[in-house]
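**Q** What follows is the residue order along each chain.
Protein chains: 4
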Amino acid sequence: GDQAVLIVHGRDRTGIVAALSAVLGRHGANIVSLDQYSDNPQGGAFFQRTVFGRPDLKAALPAIEEDLRRELANGFELEYTLRDLSVPKRVAIFASKADHCLLDLLWRNRRGELPINISMVISNHAHTADEVRSFGIPFFHVPSQGPDKTAAEAQHLQLLTGNVDFIVLARYMQILSADFIEKVGVPIINIHHSFLPAFIGADPYAKAQHRGVKLVGATAHYVTEDLDEGPIIEQDVVRVNHAHTVAELRRRGADVERAVLSRAVLWHAEDRVIRHGNHTIVFQ
Amino acid sequence: GDQAVLIVHGRDRTGIVAALSAVLGRHGANIVSLDQYSDNPQGGAFFQRTVFGRPDLKAALPAIEEDLRRELANGFELEYTLRDLSVPKRVAIFASKADHCLLDLLWRNRRGELPINISMVISNHAHTADEVRSFGIPFFHVPSQGPDKTAAEAQHLQLLTGNVDFIVLARYMQILSADFIEKVGVPIINIHHSFLPAFIGADPYAKAQHRGVKLVGATAHYVTEDLDEGPIIEQDVVRVNHAHTVAELRRRGADVERAVLSRAVLWHAEDRVIRHGNHTIVFQ
Amino acid sequence: GDQAVLIVHGRDRTGIVAALSAVLGRHGANIVSLDQYSDNPQGGAFFQRTVFGRPDLKAALPAIEEDLRRELANGFELEYTLRDLSVPKRVAIFASKADHCLLDLLWRNRRGELPINISMVISNHAHTADEVRSFGIPFFHVPSQGPDKTAAEAQHLQLLTGNVDFIVLARYMQILSADFIEKVGVPIINIHHSFLPAFIGADPYAKAQHRGVKLVGATAHYVTEDLDEGPIIEQDVVRVNHAHTVAELRRRGADVERAVLSRAVLWHAEDRVIRHGNHTIVFQ
Amino acid sequence: GDQAVLIVHGRDRTGIVAALSAVLGRHGANIVSLDQYSDNPQGGAFFQRTVFGRPDLKAALPAIEEDLRRELANGFELEYTLRDLSVPKRVAIFASKADHCLLDLLWRNRRGELPINISMVISNHAHTADEVRSFGIPFFHVPSQGPDKTAAEAQHLQLLTGNVDFIVLARYMQILSADFIEKVGVPIINIHHSFLPAFIGADPYAKAQHRGVKLVGATAHYVTEDLDEGPIIEQDVVRVNHAHTVAELRRRGADVERAVLSRAVLWHAEDRVIRHGNHTIVFQ
Chain A
222 GDQAVLIVHG RDRTGIVAAL SAVLGRHGAN IVSLDQYSDN PQGGAFFQRT
272 VFGRPDLKAA LPAIEEDLRR ELANGFELEY TLRDLSVPKR VAIFASKADH
322 CLLDLLWRNR RGELPINISM VISNHAHTAD EVRSFGIPFF HVPSQGPDKT
372 AAEAQHLQLL TGNVDFIVLA RYMQILSADF IEKVGVPIIN IHHSFLPAFI
422 GADPYAKAQH RGVKLVGATA HYVTEDLDEG PIIEQDVVRV NHAHTVAELR
472 RRGADVERAV LSRAVLWHAE DRVIRHGNHT IVFQ
Chain Y
222 GDQAVLIVHG RDRTGIVAAL SAVLGRHGAN IVSLDQYSDN PQGGAFFQRT
272 VFGRPDLKAA LPAIEEDLRR ELANGFELEY TLRDLSVPKR VAIFASKADH
322 CLLDLLWRNR RGELPINISM VISNHAHTAD EVRSFGIPFF HVPSQGPDKT
372 AAEAQHLQLL TGNVDFIVLA RYMQILSADF IEKVGVPIIN IHHSFLPAFI
422 GADPYAKAQH RGVKLVGATA HYVTEDLDEG PIIEQDVVRV NHAHTVAELR
472 RRGADVERAV LSRAVLWHAE DRVIRHGNHT IVFQ
Chain D
222 GDQAVLIVHG RDRTGIVAAL SAVLGRHGAN IVSLDQYSDN PQGGAFFQRT
272 VFGRPDLKAA LPAIEEDLRR ELANGFELEY TLRDLSVPKR VAIFASKADH
322 CLLDLLWRNR RGELPINISM VISNHAHTAD EVRSFGIPFF HVPSQGPDKT
372 AAEAQHLQLL TGNVDFIVLA RYMQILSADF IEKVGVPIIN IHHSFLPAFI
422 GADPYAKAQH RGVKLVGATA HYVTEDLDEG PIIEQDVVRV NHAHTVAELR
472 RRGADVERAV LSRAVLWHAE DRVIRHGNHT IVFQ
Chain P
222 GDQAVLIVHG RDRTGIVAAL SAVLGRHGAN IVSLDQYSDN PQGGAFFQRT
272 VFGRPDLKAA LPAIEEDLRR ELANGFELEY TLRDLSVPKR VAIFASKADH
322 CLLDLLWRNR RGELPINISM VISNHAHTAD EVRSFGIPFF HVPSQGPDKT
372 AAEAQHLQLL TGNVDFIVLA RYMQILSADF IEKVGVPIIN IHHSFLPAFI
422 GADPYAKAQH RGVKLVGATA HYVTEDLDEG PIIEQDVVRV NHAHTVAELR
472 RRGADVERAV LSRAVLWHAE DRVIRHGNHT IVFQ
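Chains as they are written, first to last, in the numbering used here: chain A, 222 to 505; chain Y, 222 to 505; chain D, 222 to 505; chain P, 222 to 505.
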């Protein structure tokens, strides 16, 4: 049906829920689901996700937004976003050689599992071009050109600017510059392996096998300037044992990676994830 | 701090959230957490759990309740319960021979994990009496007396009436009569094994081992007249394999049972579980 | 390297392991891995999976097999299979409308995760033909022709006979006749949903949602005449909650189905699964 | 029945399995289970765990051992241990304030789940004395005396020497000196929290909550001089979310800790864990 999602986020205070629901009530909107969380009832941070519907929603949204703006200006220290849920978010997927995360997203999208519009796939390798295009999705090959990423990133920005609402790094093996992250101006979701205990540097699965870990895992997070240290969206693990080769660890790790990434993309696409400092609130 | 929980449940309609939060706002109450769910925005069932606080809450609760009652009489078809969270629910635990679920609840309660007041343990076996009493909890031995449960259930009712807010069957191996369930008048939580695919009748673990299942599980549910068919609160499973003996399956099953039961008890004690028809809404 | 797998299965007796390893030793074969299981040391059933290697294995296998045959004739009641691991098993995949299990197998095979040779895909729907063929795999459309399956199954047998070592039903929604199962003469692996508690008949996900289950699962098993009652190879579950729609349950169920089926296919392809009565021994 | 376990570990070579099973066969022993693993068939490390039985085993063991010794001296570079499974391993449990791991082990042992003989509990806190003794187990209070552990460790050694086969640190919050580890001369199993990504230092659950992790976990490992870096025996995790307080993370973490530690103790007690370099082979 006709539904919109309202995210409100800021300083907690008595009366926010009442004020917001009064606004929606004045416009004949019915609340379909409401999740609220406050990290400290005494002046902490407040988070609310509300999905609401009404007939002829699209026409009514500007007036609802205007009313919200006025209400929230009224002494609240809150930010909000309001979005028509019938308009899927536009996403660019970045990939490299490994195709497990990329293909999983393309399949899920084709099956109707993800409320997203995949605008393009950008890769520094050309070999998945035909397969991506068989899904009806534009594929752009932007080779990496060594340590100086200026030219490649300029190409990326040209392709992306105005065309996407968020970016997914589906095992994209190039580091994004702080400059690119700032200029592109949309959220970027990354997936990386994660271990107990953690291994860094090259060939983490070989290190994990040598250390004899019993679990391998994956973490999806928002990209910030601190590589792999941005707010975590989702994590999961899978059991392994001493008899698993490094190749088998990689295979199992790849399964967790695609599962974790697809959940992170789904939740972001449905505006279920709110960033706050270096962590996330995920309303499921 | 001083907090109360309000559960509202009934027919969905525009404006419920606004009406409820306006009542709380009028009484200076700050909403700490709010979970809302509607199973069908077009006239389905509505469920809301709200935790709120304010200074001097206990004194203010009667006036808040009076205001709620008036507001909800105003055209809403809703039921509500309002409870001071500083008053733990009183519970009776029923047990038989196996002690894994019983002891797990006693330990967790002593550690401060469960917001409950264990009023008594009732068992048809006497052997756990000393251990239960070492936790400072009254133990009553009510032997089972064959197929006619009238006398035993009369004793149960005498012990329970007025003294408990809910009952936990911690692997209690006697069937409760429909008459008892009606007379005792408080929710009863049970735990039983569950399998993929399901086995019924005696010695389910032996059947499961013979069938070669790869998972064994447990289900916690509210007791209704239909044995083991009441609303499910929580379920979980654990992996097993061909090399596990029936004893090992039982051991692993016992681990899942105590884990699942303790979660069900916790969520019920925190008023996170709403019954609706034959299923539950669990706000976590 | 050059490796073979030897499966031995039969009545337990003192000395089997010694006799088998002596044979391998006589032929200069080194044991790479050995898993053994006895379901009852006093005259129960014995199961052993041995992977061994030696230079120039292919040439040596006939002599090894001859020696094994002679040794096992010597008072043992055992069956054995001996297979060169460098020769992948040939498999036919049967599919219907849903493509999640089919595509997952094709893609894992292309990645090199499955030691199988997919000889053909047979479907009663034509819509996946292009995609299957883009993997370089023959696709045969055999429409279902109502309740009388004689003609369709005759076509299946013509395609399959002599060409495949096992069959995978990747969400194939047609029932196989007992006659077909007998004539085709190779193992058949099926995947179906499984629930706690179980639901049968049409639309199990709708029933599961109505019942309020907290887990949905999948079971991979060998097909026998008793539909969905054959020996279980693998099972797994995923958590769900009250807020999940029937579509969301189906989506999560599909994820478990493809994961469970791919593990069952891998283990079968590596001769890790031994059928015994109505259950399996799975050496991992 | 009468069973023994034989662990063999060393340099891989053709013929080990045959030689070992020939020895057992000569003594009329029937192999109940055999697990073998080689980390590299070309001259890697070889690991084998064999459980075998025969009537009047105890009397026969010395002759079997003598024969094994002779056979293995014959050109193999292997170490072995042979143990009568009817003799449970003797264990000392070290604890501090938190009692969840301690009580779980005491209770599992009383239920007959663990083939161990708990010789004593040693704690630097006195408050669990009565409860431990109610299980019929000696309790010794050895207070910690600041940074100089010499006196306390001398007391520990006096209590332990000759009396235990391994030690379990059940959330023991004191660091053991390298000198103590060497002198006590038996394996020591520890349990600690583990996170994705990892947090070190004080108050890890607070750090984890601040970082917004979605999983908390626990790792059981053998103690070496490198604190918390010894060979991993078992790991597991549990899901958490943004709404969980630090106390709730600790509670969930405690559940995983006791589960992981009890599995590690069980597997060690059954000689299923073989140490090799800084990792373990766990035959399940």
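Just so you know, the hints here were simulated from the structure itself, not pulled from any lab data.
Do not take every clue at face value.
Identical copies go unnamed one by one, so any copy, or any two together, can satisfy a pair.
[To be verified] Restricting the straight-line Cα-Cα distance to at most 20 Å, the calculated cross-link-like pairs of lysine to any residue (SDA-like) are:
#  : residue 1 : residue 2
1  : K318      : A347
2  : K279      : F401
3  : K318      : G498
4  : K310      : G422
5  : K428      : H497
6  : K279      : L289
7  : K318      : F356
8  : K370      : L289
9  : K310      : G236
10 : K318      : W328
11 : K318      : A423
12 : K318      : P276
13 : K370      : E352
14 : K318      : G422
15 : K428      : D449
16 : K428      : N499
17 : K428      : Y443
18 : K310      : F360
19 : K279      : D449
20 : K279      : R460
21 : K318      : T235
22 : K318      : S307
23 : K318      : A266
24 : K279      : P262
25 : K279      : T235
Because the structure is a prediction, the values reported are computed rather than measured.
**Q** Next, verify each hint and record whether it holds.
**A** Going down the list of hints, with the structure as the test:
no., hint, verdict
1, K318 x A347, "within (9 Å within a copy, 31 Å between copies)"
2, K279 x F401, "neither (34 Å within a copy, 55 Å between copies)"
3, K318 x G498, "neither (33 Å within a copy, 34 Å between copies)"
4, K310 x G422, "neither (34 Å within a copy, 38 Å between copies)"
5, K428 x H497, "between (33 Å within a copy, 15 Å between copies)"
6, K279 x L289, "within (16 Å within a copy, 34 Å between copies)"
7, K318 x F356, "both (18 Å within a copy, 18 Å between copies)"
8, K370 x L289, "neither (43 Å within a copy, 62 Å between copies)"
9, K310 x G236, "neither (31 Å within a copy, 29 Å between copies)"
10, K318 x W328, "both (18 Å within a copy, 14 Å between copies)"
11, K318 x A423, "within (16 Å within a copy, 41 Å between copies)"
12, K318 x P276, "neither (47 Å within a copy, 35 Å between copies)"
13, K370 x E352, "neither (26 Å within a copy, 36 Å between copies)"
14, K318 x G422, "within (19 Å within a copy, 38 Å between copies)"
15, K428 x D449, "both (18 Å within a copy, 17 Å between copies)"
16, K428 x N499, "between (28 Å within a copy, 12 Å between copies)"
17, K428 x Y443, "between (25 Å within a copy, 19 Å between copies)"
18, K310 x F360, "within (18 Å within a copy, 36 Å between copies)"
19, K279 x D449, "neither (38 Å within a copy, 48 Å between copies)"
20, K279 x R460, "neither (47 Å within a copy, 35 Å between copies)"
21, K318 x T235, "neither (52 Å within a copy, 40 Å between copies)"
22, K318 x S307, "neither (34 Å within a copy, 27 Å between copies)"
23, K318 x A266, "neither (41 Å within a copy, 34 Å between copies)"
24, K279 x P262, "between (35 Å within a copy, 18 Å between copies)"
25, K279 x T235, "between (31 Å within a copy, 18 Å between copies)"
Comparing the model with each numbered hint stated earlier shows that hints 2, 3, 4, 8, 9, 12, 13, 19, 20, 21, 22, 23 do not hold.
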